[in-house]
Amino acid sequence: MHALLADSTLTGGLLTLAQSDFPHALSTLTLNHYLFVSAAMFALGIIGFLTRRNLIIMFLCTELMFQAAGLALIAFGRYHLNFDGQSFVIFVLTIAAAEAAMALALVVLLFRRRESLDADLWAELKG
Amino acid sequence: MNLAIADLPINPLLLYIACALGAVGVIFAMPRRGNNPAIVGGLVAAVAAGLVVLGLTLGSGRGEPTPSVFFYIFALLALGGGLRMITHPKPVYAALYFILTIIASSGLYLLLSAEFMAFALVVIYAGAIIITYLFVIMLATQAPSADDVDALSVYDASAHEPIAASAAGFVLLALLTTMLFHGTPDLPTRPGIDSSDAILARLPGKVDDALTPILLANGLMNEDERIARMADTGEVMINSAKHTVLVTNAEVAGEAPTRETGRLVEVPAELWPSDLSGTNVEGLGLNLLGEHPMTIEIAGVVLLMAMLGATVLARKQVDLEEEAKARQARHLALDGAIAGPGGAN
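Top to bottom, those sequences are chains G and S.
Following the numbering used here, the numbering of the first sequence begins with 6 at its first residue and continues without gaps.
Following the numbering used here, the numbering of the second sequence begins with 112 at its first residue and continues without gaps.
Here chain G stands alone, though its shape is the one from the complex (with noise of 0.2 Å):
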């Protein structure tokens, strides 16, 4: 696994497979097929971050962005044969269910104040 490590570089080519058992790694081509579908995720969630109104799809859309973030990890994690990649995206979904508990919290004390998940009612904290 490590001689696969030493021969994968970002602009490289093929790797070559010392180990035949292990299973392919992704070409630099390929994984650009990931990141490109990576991207575009993370680049929806930002639109819809921006656009909606509403509180909760405003959270929503930051989950949108972790996953981006998690597959380019697992694509990453897979082209250089290793399990970083997936050990982050661990840290990623823990991080992700805290972010869960404590937005929707705060969500819920936000409408109990406003009775409205419009994001504009509280256009005053811009100060």
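No lab work stands behind these hints: they were computed from the structure.
Ideal Cβ positions, reconstructed from N, Cα and C, are used throughout, including at glycine.
There's no promise every hint is true.
Far from chain S, some chain G residues (derived; all Cβ distances over 12 Å) [unchecked claim]:
id, residue
1, Glu129
2, Leu130
3, Gly132
Derived EDC-like pairs (lysine to aspartate or glutamate); straight-line CA-CA distance at most 20 Å [as the list claims (entries may be wrong)]:
id, chain 1, residue 1, chain 2, residue 2
4, S, Lys317, G, Glu120
5, S, Lys201, G, Asp89
6, G, Lys131, S, Glu272
7, S, Lys317, S, Asp386
8, S, Lys436, G, Glu120
Taking CB as the label site, the calculated pair distances span [as the list claims (entries may be wrong)]:
id, chain 1, residue 1, chain 2, residue 2, range
9, S, Asn398, G, Phe88, 45 to 53 Å
10, S, Thr344, G, Ala128, 33 to 41 Å
11, G, Ser92, S, Asp386, 19 to 27 Å
12, S, Gly447, G, Phe96, 51 to 59 Å
13, G, Gly132, S, Leu445, 42 to 50 Å
On the provided structure of chain G, position chain S as indicated by the hints.
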């Protein structure tokens, strides 16, 4: 590492056209007052995504393997679900479309042979997080009026500056993908010290595990010798460029091995393991755990405190609300008693 245009996996012009098309599609699909051509927007965005995929596939027609048809299906489902999630006016449907995105992402994880993470994703996200979101959506949405059950809240029915946000988002996407496909130019390295060797010198066990069998098998090191670690720093003396490593006699291991007591072994180039290098993650891990161990502890404590704080905050609010409800109930009962049994309806 500056690649020529011809080496890019996709023609940049095609990429930028596709990004502009995608932005137009998202703008059309955004909720707004009046008629809502969401299907038109979705189609335009899908055409844009198709252009990029086509460009990537044509660009990979140089003997490189292309991803399987399952990749395209899962990617289309994930991006389509994401598009509908940010454009659907009803929050419940948005959450359900996000579940579609998650399940399609877990399909992509499976294609990347990350089986555990794929199922963990479905269990944690689709099973736990989104269900929590759904509960909050149902808790925190005004009840619809009786005459129009399908009425949307004002803030759900119209998007907030869709054109500016979509333009910003897709410019970001175009730049991100350009950077991803171009790669970054070579960064300057620290002069004087090979950072890979510096990481290797501090890693526990890696050099020993990689080199000891090779040295012993080729008679470069005696049975009673071992790879030397400096007494003061605990580092291995290794030089990957010259293929040298310092070994010491195990008999004097208890004493402080220095450059003088050890013996510098030069390993022939063909015997030197080609995979022996310090990677970025090993360096990061050494740095994180070796130099900032308190940071991790503090991060854990901060997370715990945030969780406890949220719980305490929410509990207090619930108590207040229950108190208010109880007061309201007493008030109503009092009103009923005053109006009499006939007047109460």
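Hints and how they fare:
1. For Glu129 (chain G), the shortest C-beta to C-beta distance to chain S comes to about 16 Å, beyond the 12 Å cut-off, and the non-interface label holds.
2. The claim that Leu130 (chain G) is not at the interface with chain S holds, since no C-beta of that chain comes within 12 Å of its own (minimum 15 Å).
3. Look at Gly132 (chain G): its CB is around 19 Å from the nearest CB on chain S, clear of 12 Å, so calling it non-interface holds up.
4. For a cut-off of 20 Å, the pair hint linking Lys317 (chain S) to Glu120 (chain G) is broken: about 60 Å separates their Cα positions.
5. Between Lys201 (chain S) and Asp89 (chain G), the direct Cα distance comes to roughly 38 Å. Violation of the 20 Å bound is thereby established for this hinted pair.
6. At most 20 Å may separate the alpha-carbon atoms for a hinted pair to count; Lys131 (chain G) and Glu272 (chain S) meet this at roughly 17 Å.
7. For the suggested pair Lys317 (chain S) and Asp386 (chain S), the alpha carbons sit about 11 Å apart, so the restraint of at most 20 Å is met.
8. With a C-alpha separation of about 16 Å, the suggested pair Lys436 (chain S) and Glu120 (chain G) falls inside the 20 Å cut-off, and the hint holds.
9. For the pair Asn398 (chain S) and Phe88 (chain G), the supplied restraint of 45 to 53 Å is violated, since their beta-carbon distance comes to about 19 Å.
10. Checking the proposed 33 to 41 Å range against Thr344 (chain S) and Ala128 (chain G) shows it is violated: the Cβ atoms sit about 57 Å from each other.
11. Checked against the hint of 19 to 27 Å, the C-beta distance between Ser92 (chain G) and Asp386 (chain S) comes to roughly 20 Å, which is consistent with it.
12. Distance hint for Gly447 (chain S) and Phe96 (chain G): a CB-CB separation of about 56 Å, consistent with the stated range 51 to 59 Å.
13. For Gly132 (chain G) and Leu445 (chain S), the Cβ-Cβ distance of about 44 Å falls inside the hinted range of 42 to 50 Å, so the restraint holds.
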